[in-house]
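Undergrad: For reference, the chains in residue letters:
Number of protein chains: 4
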Amino acid sequence: MADTMLAVVKPEPRSGVEIRDVRVPAFGPGDVLVKVKVASICGTDLHIYNWDQWAQRRIRPPLIPGHEFCGHVAAVGKDVTTVKEGDFVSAEMHVACGKCLQCRTGQAHICQNVKIIGVDADGAFAEYVRIPESNIWKIDPSIPADYASVLDPLGNAVHTVLAGEIAACTVAIVGCGPIGLFCIAVARACGATQIFALEPNAHRRKLAEKMKADFALDPTRDDVKSIVMEATGGVGVDVVLEMSGKTPGIRMGFNVLRLGGRVSLLGIPSKPVELNVADDLIFKGATVQGINGRIMYKTWYQMQALLKSGKLDLHPVITDRLAMKDFNKGMELLTSGEASKVLLYPNGVK
Amino acid sequence: MADTMLAVVKPEPRSGVEIRDVRVPAFGPGDVLVKVKVASICGTDLHIYNWDQWAQRRIRPPLIPGHEFCGHVAAVGKDVTTVKEGDFVSAEMHVACGKCLQCRTGQAHICQNVKIIGVDADGAFAEYVRIPESNIWKIDPSIPADYASVLDPLGNAVHTVLAGEIAACTVAIVGCGPIGLFCIAVARACGATQIFALEPNAHRRKLAEKMKADFALDPTRDDVKSIVMEATGGVGVDVVLEMSGKTPGIRMGFNVLRLGGRVSLLGIPSKPVELNVADDLIFKGATVQGINGRIMYKTWYQMQALLKSGKLDLHPVITDRLAMKDFNKGMELLTSGEASKVLLYPNGVK
Amino acid sequence: MADTMLAVVKPEPRSGVEIRDVRVPAFGPGDVLVKVKVASICGTDLHIYNWDQWAQRRIRPPLIPGHEFCGHVAAVGKDVTTVKEGDFVSAEMHVACGKCLQCRTGQAHICQNVKIIGVDADGAFAEYVRIPESNIWKIDPSIPADYASVLDPLGNAVHTVLAGEIAACTVAIVGCGPIGLFCIAVARACGATQIFALEPNAHRRKLAEKMKADFALDPTRDDVKSIVMEATGGVGVDVVLEMSGKTPGIRMGFNVLRLGGRVSLLGIPSKPVELNVADDLIFKGATVQGINGRIMYKTWYQMQALLKSGKLDLHPVITDRLAMKDFNKGMELLTSGEASKVLLYPNGVK
Amino acid sequence: MADTMLAVVKPEPRSGVEIRDVRVPAFGPGDVLVKVKVASICGTDLHIYNWDQWAQRRIRPPLIPGHEFCGHVAAVGKDVTTVKEGDFVSAEMHVACGKCLQCRTGQAHICQNVKIIGVDADGAFAEYVRIPESNIWKIDPSIPADYASVLDPLGNAVHTVLAGEIAACTVAIVGCGPIGLFCIAVARACGATQIFALEPNAHRRKLAEKMKADFALDPTRDDVKSIVMEATGGVGVDVVLEMSGKTPGIRMGFNVLRLGGRVSLLGIPSKPVELNVADDLIFKGATVQGINGRIMYKTWYQMQALLKSGKLDLHPVITDRLAMKDFNKGMELLTSGEASKVLLYPNGVK
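First to last, the sequence lines map onto chains H, G, W and D.
For the first sequence, my numbering gives the first residue as 1, with consecutive numbering after it.
For the second sequence, my numbering gives the first residue as 1, with consecutive numbering after it.
For the third sequence, my numbering gives the first residue as 1, with consecutive numbering after it.
For the fourth sequence, my numbering gives the first residue as 1, with consecutive numbering after it.
Any given hint could be a false lead.
A pair holds if it fits inside one copy or across any two, identical chains being indistinguishable in the list.
Pairs of lysine-lysine residues, derived as DSS-like cross-links and limited to a Cα-Cα distance of at most 27 Å, are as follows [to be verified]:
#	residue 1	residue 2
1	K99	K308
2	K308	K35
3	K212	K99
4	K84	K350
5	K37	K99
6	K298	K206
7	K271	K78
8	K115	K84
9	K329	K350
10	K225	K138
11	K225	K99
12	K225	K308
13	K35	K99
14	K115	K99
15	K37	K308
16	K115	K225
17	K225	K84
18	K37	K138
19	K298	K225
20	K271	K138
21	K35	K350
22	K115	K78
23	K311	K225
Think of the hints as simulated: they come from the structure by calculation, not from any bench.
Let's have the full structure, built from the sequences with the hints guiding it.
TA: What follows is the structure, encoded as structure tokens:
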């Protein structure tokens, strides 16, 4: 192993990144060093790149971003027992404290003291990344590397879809970025019987169709409420999965929800949202869930089981593959709205 | 039985009521005619009395209001089998259609076609009230008539408290009108370990103390957040029961909620509410429930079991007793903010 | 409509049936008279036919058996509002009392006073059958008649599979009679990732393969425990669906269950079962559910949604089609072990 | 700290123990050394003492038994961060592996590789005991030492009672050893409305009365079924908590359970149990749960909250207090059937 490696680095508190050589990370007795095979770009990385308000508050440069990846174990600390050199792995990048109420009661995904690798510590947009053993996820060899690199956002989708009843349910998915698109696949695989994908961007709507949504609607043009009501016998949908984080999307979700239905919110609004709490929530007898990360590690087991059994076809979501050194190109693609999931290869696209 | 009876009547679309003689209601083969022993006044009755915007949209005079009561069966239709003359009863006043999806799947409390006796049909502020047999609730003789007259709002409280985990939980109850006060008793009886009652009105706060809330706080003066955080070891409360229907109350509730906690909303806001969906709901991993009515009839069984076993002391909530002919006095008392539950006796206070 | 109709009749307390003309049933104001299009034979009908001990205790001849069917509404009582002549329907044949604790708390499928049409009252092995309106289920026209005739056992399967988590779960289905076979289809459609079908009968095992079980094992020959353990990474299955009602089957189910798994029991043992409660249940932290009928009417909505969306291929289960007058032939087929679901056509096979 | 300490030791594979000086345990960087203040005797300790079949299979002498205790931190390993010398603590004595499916999905209480301190490693019947930091439970100072010494069995009770609905429920508790008695207190505190304690031993029945069971019945004499049915309006109990581990007790539990009720099994039968699966489980639509240990660490939080709020009066259960050197006396007391919880004090009874 060389001493240095290629990495995408946010060097200072300003927009943009540098792609340059840095030292391979040191690792402690409980750590695993992973040689990154494929990493993928998340919307969060775009925030960091653009150095927006959220990034300015949260990020402390210098930082190597990147929290979606897969690779092979390059080396392990002396106390590591569950993986060995050469194992194919990914990782849960939310590192929980293990000591707060939430961690000690099965809710580590909402740990009071969580640190995120790729946000609060150096991440996976590099040839190597250091991960604590507890967070390593060994990948079944039957799962292709492309899919293995997107377990983080796929896990968001699995967590959201399976946060309540889904079998034999009608579902509206609001917002068709990668996680929304994954939700289509997961909901279908888990027995959802009618899937309404709501998305104003035409490129994303096209992907929603490829993911086999029953309806791919443009809320800026289609009469979503009427279409949903007609298709559901005047009842509305059983489940709304909110992935847009936009006020109109959230409202539209509540609007098409049936009495007694579930709304699971994952998309993060950048400002307060005015809701019609009386009509949309109370009189509806709705249940609303805030969804965060992936349940550690139940979501990972579920995701692996679904992938291994071949129940998820995720190909349409993966739109672009780039060498990691062409990271800036990835940013352009995502900014254009014409890409969904962009994969990065530290050692060139294969 | 006489042909006429005393009743509180909203005769026309304007504020106020008339107290006068009307015909005793006719009843069909599936109906039960109940001689009212005690009725109690709800905030809804004040809306109807004052003829506010909600009332103007919903109420079609002439109408006898009143939907909280107990009494004895005076007569039964020929198809009625479950009660007989003389039985002591109350009733679920939400009459569900029995045919919609919600009714057929155990969610009749959010029936698509519900009619409310006392709102959509003549109610219990009279000597007699007609109820369909399906909605009659036979009262265990060990339950005192005062309590039997408030099963409707007590059922709201039981439904809200038991809508999720409550045993060994810390709870904030926002708003201490009668239902909020009942929530204190129910939460205590069901194992809540710390109860924070939040209420700006001093009279209601005093009642919250009498109901044995561990803390009765004035959110306009006390530093609620700090007090809750200190008392819960910096964690926040497990459960928020929102009974105020006010924007500041709802926000305060989310504010003191712990990561992963539950918010059950029963108080109905009169206008849209701006919420910090990102921080208060999504990052918190919160679950929010809209609560409506009483589960038919699970809540009634629960309520009866709790009352029969003597686990609920509701006396402090019942602040006033009036002859039904003094209904206007009841309105004054409630308007003053110095009353909580006002009971009405068609045949004079006993 | 003629006055008389063809029917399969158990005339007296002895084995066998008569196939003869009887009067078309009279119907009351709340009843629906259905012209049977297809009926299907259940194991229960074989018990009645053979006049075994269970039948001797339960059945009071004369009786027309048959509780699985579909058909068109021929006439309705004057109070019926939800269906009209010509509608395509099936029915929930468990007629619940509507007044017991279970009925009033959403558990009508375990009503204290249930009567079963086809067991306690004349059923569907006839040209016409009378059903109370409350129990009629209107069938979406997209659902084929063959499938519509087996909603009762399909509903058993849907109820059992969806009685707990199933998405991303491994499942052992013990016993591959029609309900076990349906369970394979439902579990697959709802996201089960590995399905182990256990069945000693070779014909049924072949059907299990056609239903796309991942493994169709013969517990009298295959080393089921080893195969399950190897395929599940040494963990055991998440879910056991017990459809055999046999002691060895029940024990095998517990034996392959993982720590913390679910066992749902639907197959009815004819005698007490000795269980290793300490190891198989307590130390395993298992959850065991007794499953009965179909949840009224949640299961019916779920079933309809799954069928309508085309997620269930049930064809392999329907092995034989007979004219209703050849009922005895159906009994022979089922006794031989070479048939699964046998459909009967009152007016000849179409 | 001295080098040696007093301890109860099972020196060899035979009945009895030795009470003698042994070396104070060494401890590693992640361990906590606790100076035992009070320890309490469990039925398991009696099995070890008597060297019965279970003990012969499981125990590898020499061993210091004892898994219920409280004390003060005497020393901590260098990596320990959550407690410090002098802290008042108890511990979860089930040491989970942290790496199996169950551990990684919030079910560490049924870890595939659990080791129990006091069973598989030296325990708390000594002046000092070594505990890994992860398993230490810091005790709120408001909780008295007597109660703090019985958190293990109290946690069993809390886990069992709260494994399903309990508020507003009727409950039968089968078997009134210490855990059964604790169940009475916990069920009452959490809203159970009628508690039937079933116990043949007169001394234990008397304690059940002191714990305020509504009924303390002798199943060998009282007509339990009739009494329960009459008191529950002919319905049966909502919940059965099985603590006896005896076949007649388990059957009696199912016998008094209502349709749709819950049975939680904690008492461990020493041999297989013949159950009427058809009538008692399937037709009843019952849910049966195997209960094991305490949920890590949800049960501990719940238990602490209940104790801290003063909702549990456990005094009647603590029948005897002995110096630890009089351990054999404790064995005699328990064998006599005239003791419930026996506390041991390494440094003399205070």
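Undergrad: At 27 Å max between alpha carbons, let me know whether K115 reaches K78 within a copy, between copies, both or neither.
TA: both (23 Å within a copy, 24 Å between copies)
Undergrad: At most 27 Å between C-alpha atoms: does K311 with K225 qualify within a copy, between copies, both, or neither?
TA: between (30 Å within a copy, 25 Å between copies)
Undergrad: 27 Å Cα cut-off: does K308 pair with K35 within a copy, between copies, both or neither?
TA: Within one copy only: 23 Å inside, 48 Å across.
Undergrad: As a check of your reading, is K115 near K225 (CA-CA no more than 27 Å) within one copy, between copies, both or neither?
TA: Answer is between: at 25 Å across copies they meet the 27 Å cutoff, but 40 Å inside does not.
Undergrad: Cα distance capped at 27 Å. Does K271 pair with K138 within a copy, between copies, both, or neither?
TA: neither (38 Å within a copy, 40 Å between copies)
Undergrad: Give the relationship of K115 and K99 under a CA distance limit of 27 Å: within one copy only, between copies only, both, or neither.
TA: Close inside one copy (13 Å) and across copies (21 Å); limit 27 Å.
Undergrad: Can you tell me if K37 and K308 fall within 27 Å by alpha carbon in one copy, between copies, both or neither?
TA: Result: close within a single copy only, 20 Å intra versus 43 Å inter.
Undergrad: Using 27 Å as the alpha-carbon threshold, which applies to K225 and K99: within, between, both, or neither?
TA: Close across copies (23 Å), not inside one copy (46 Å); limit 27 Å.
Undergrad: Using 27 Å as the alpha carbon limit, work out where K84 and K350 are close: within a copy, between copies, both or neither.
TA: within (25 Å within a copy, 54 Å between copies)
Undergrad: First find the shortest C-alpha distance between K37 and K99 inside one copy, then the shortest across copies, and answer within, between, both or neither for a cut-off of 27 Å.
TA: So K37 and K99 pass the 27 Å test across copies only (25 Å; inside, 33 Å).
Undergrad: Give the relationship of K99 and K308 under a CA distance limit of 27 Å: within one copy only, between copies only, both, or neither.
TA: Close across copies (21 Å), not inside one copy (33 Å); limit 27 Å.
Undergrad: First find the shortest C-alpha distance between K271 and K78 inside one copy, then the shortest across copies, and answer within, between, both or neither for a cut-off of 27 Å.
TA: neither (46 Å within a copy, 45 Å between copies)
Hint compliance for this structure: hints 3, 6, 7, 17 and 20 are broken, all remaining hints hold.
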